[in-house]
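There are 4 protein chains.
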Amino acid sequence: MEDQAEPEVASPEVRKRIHESFDRQGLMAHLGARIAHIAPGRVRIVLPARPEVTQQHGYFHAGATSAIADSAGGYAAYTLFPEDTEVLTVEYKINLLAPAAGDHIEAIGTVLKHGRTLTVCVLEVFAAQSDANRKLVANGQQTLIRVNRSEQ
Amino acid sequence: MEDQAEPEVASPEVRKRIHESFDRQGLMAHLGARIAHIAPGRVRIVLPARPEVTQQHGYFHAGATSAIADSAGGYAAYTLFPEDTEVLTVEYKINLLAPAAGDHIEAIGTVLKHGRTLTVCVLEVFAAQSDANRKLVANGQQTLIRVNRSEQ
Amino acid sequence: MEDQAEPEVASPEVRKRIHESFDRQGLMAHLGARIAHIAPGRVRIVLPARPEVTQQHGYFHAGATSAIADSAGGYAAYTLFPEDTEVLTVEYKINLLAPAAGDHIEAIGTVLKHGRTLTVCVLEVFAAQSDANRKLVANGQQTLIRVNRSEQ
Amino acid sequence: MEDQAEPEVASPEVRKRIHESFDRQGLMAHLGARIAHIAPGRVRIVLPARPEVTQQHGYFHAGATSAIADSAGGYAAYTLFPEDTEVLTVEYKINLLAPAAGDHIEAIGTVLKHGRTLTVCVLEVFAAQSDANRKLVANGQQTLIRVNRSEQ
Chain A
1 MEDQAEPEVA SPEVRKRIHE SFDRQGLMAH LGARIAHIAP GRVRIVLPAR
51 PEVTQQHGYF HAGATSAIAD SAGGYAAYTL FPEDTEVLTV EYKINLLAPA
101 AGDHIEAIGT VLKHGRTLTV CVLEVFAAQS DANRKLVANG QQTLIRVNRS
151 EQ
Chain B
1 MEDQAEPEVA SPEVRKRIHE SFDRQGLMAH LGARIAHIAP GRVRIVLPAR
51 PEVTQQHGYF HAGATSAIAD SAGGYAAYTL FPEDTEVLTV EYKINLLAPA
101 AGDHIEAIGT VLKHGRTLTV CVLEVFAAQS DANRKLVANG QQTLIRVNRS
151 EQ
Chain C
1 MEDQAEPEVA SPEVRKRIHE SFDRQGLMAH LGARIAHIAP GRVRIVLPAR
51 PEVTQQHGYF HAGATSAIAD SAGGYAAYTL FPEDTEVLTV EYKINLLAPA
101 AGDHIEAIGT VLKHGRTLTV CVLEVFAAQS DANRKLVANG QQTLIRVNRS
151 EQ
Chain D
1 MEDQAEPEVA SPEVRKRIHE SFDRQGLMAH LGARIAHIAP GRVRIVLPAR
51 PEVTQQHGYF HAGATSAIAD SAGGYAAYTL FPEDTEVLTV EYKINLLAPA
101 AGDHIEAIGT VLKHGRTLTV CVLEVFAAQS DANRKLVANG QQTLIRVNRS
151 EQ
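Residue numbers (my numbering), protein chains in the order written: chain A, 1 to 152; chain B, 1 to 152; chain C, 1 to 152; chain D, 1 to 152.
Extracted from the complex, chain A is given alone in its bound form (with noise of 0.2 Å):
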């Protein structure tokens, strides 16, 4: 279900090749990741709470929050690419802010700074019990190249 707070989608064409790209990540499916929201410049990406995904405490895994992290970031600078491109990460900074306890996380990747060749994107991840109850959990910074598919 979509979120009633984010109205905005991008076009059928720009969902169809995120969530076909989505589907060939093998790791999204192995954590039980799925794609939430696709806005332009905005990605969202729901993971929810399983034995698979925790650290030694019990909370989700630092590990799976920074994947569902750079794969919201990575999404939310494609849907602003033309087609017949690719994106990577360079790098990103994550600061884990609180022990992730929930039923679920969800990431936030957003477009901060668009550029020919490099996207800059904020990352956001909260844990939830419920949807009326989110809290923080971590904040990251992440630099994406756009490659040209013939450039390959």
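Any given hint might turn out to be false.
Identical copies carry no separate label here, and so any pair may be met within one copy or between two of them.
Calculated pairs, SDA-like style, for lysine to any residue (alpha carbon to alpha carbon, straight line, at most 25 Å) [as the list claims (entries may be wrong)]: (1) 135 x 149; (2) 113 x 98; (3) 135 x 146; (4) 135 x 124; (5) 113 x 148; (6) 16 x 85; (7) 113 x 85; (8) 113 x 97; (9) 113 x 129; (10) 135 x 86; (11) 135 x 112.
These are computed hints drawn from the structure, not numbers from a lab.
Following the hints, put chains B, C and D in place on chain A, whose structure we already have.
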């Protein structure tokens, strides 16, 4: 098999403590990662290639790369902590230098600065077809905090 | 002159403490920077353009941009600390989004997460020809630690 | 005086290009920084202690530390670039490991990965009372982009 170039090994107590913590990380088992070496201030984690850890082009997903890098750094710090403490990742930054292609990747976390409260690690991830042909695919820097169990 | 859009102001005691600390920073005076606003959890520092703060193309040097960003974040955290404490920067990461051209730049440090030991800030730097025409030229994220004077 | 432990020196053309660029950086002269060594992929910048570069406790300000680290990394990358190109810092992350106390600090930028578009450097800053007694006070990682002058 332990690496011949890494003869130094942490004490049995420290190795036991780290293996027990690692075994409680649901994510590491779910990805298929294992600890390959535990030296004082230096831990190596190996992740074999499989479809469940890939991104959309079939390489290792940055999330998988980061997950084992984060764990390697965390346990490297943990080798230097006293008993009855825990380690938490404060933040990390990682550059993805090249596509992570190979039959496995390995992350090495190395303590750069060990303090009473904070510890800083360098993170390196190599991709390899064989141990003789390793390539640096990611490089990072991580800050960790020591938490005394009685303070939690 | 205080910004009309920032009516909230820290207490006189906090502002005095921060101005005294700022005045002891030889670098800030040497660059020509000044504190423009001190709100609880949010500090703004302004640096006018002059040849002494440029890089090789005549724009503001990333080092000057970072210096005021780091100080803005540090003092933003410091507004929330009790007396008899000090603030130290643990680390920061900054993206330089565009050439910093204008008659001044201003850095805004905002506390994102305030903890007993660690505080995380978001850093923004804008370049402006006038207050009406601001452009985001850098964005960062910073971790700070509180040090009790008695512990030093 | 060039460091005896760094015999490798970049070509006269590269050194001339870098010294000319450095001399146009108003900030470096204003801080009192100078280039100490230029090797292929590795540049060292020294900054003597003076009140104009301090923070509130009399140590080197993180902004000064970062400024010379950023320049050292930028010029390290620039040694590997062809003529008629420019170097721009995309982003960097730096950990401040210890108070920067001494009669000078020196920043070493070293290229870790050199690509057609992007280059990644490791940044180290040492504080010293004398060359025989150096201490690592900051460690960082930096991403740079090559810009062809004809594209600007």
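Results of checking the hints against the structure:
In this assembly of identical chains, residue 135 and residue 149 lie within 25 Å of each other by CA distance solely across copies; the values are 24 Å between and 39 Å within a copy. Taking the shortest Cα distances, residue 113 and residue 98 sit within 25 Å of each other only across copies (9 Å), while inside one copy they are farther apart (27 Å). With identical chains, the CA atoms of residue 135 and residue 146 are at most 25 Å apart between copies only, with a shortest distance of 23 Å across copies and 32 Å within one. Within a single copy, residue 135 and residue 124 get their C-alpha atoms as close as 10 Å, and across copies as close as 23 Å, so both meet the 25 Å cut-off.
Taking identical chains as interchangeable, the C-alpha atoms of residue 113 and residue 148 lie at most 25 Å apart whether they share a chain (19 Å) or sit on different chains (21 Å). In this assembly of identical chains, the alpha carbons of residue 16 and residue 85 lie at most 25 Å apart only when taken from the same copy (15 Å versus 39 Å across copies). In this assembly of identical chains, residue 113 and residue 85 lie within 25 Å of each other by CA distance both inside one copy and across copies; the values are 18 Å within and 23 Å between. Proximity of residue 113 and residue 97 under a CA criterion of 25 Å is satisfied in both settings, with 24 Å inside one chain copy and 7 Å between copies.
For the homomeric pair residue 113 and residue 129, the shortest alpha-carbon distance between copies (20 Å) is at most 25 Å, but the shortest distance inside one copy (32 Å) is not. Taking the closest pair of Cα atoms, residue 135 and residue 86 come within 25 Å of each other only across two copies (23 Å); inside a single copy the shortest separation is 32 Å, beyond that limit. Taking the closest pair of Cα atoms, residue 135 and residue 112 come within 25 Å of each other both inside a single copy (22 Å) and across two copies (12 Å).
In terms of the numbered hints stated before, the structure departs from none.
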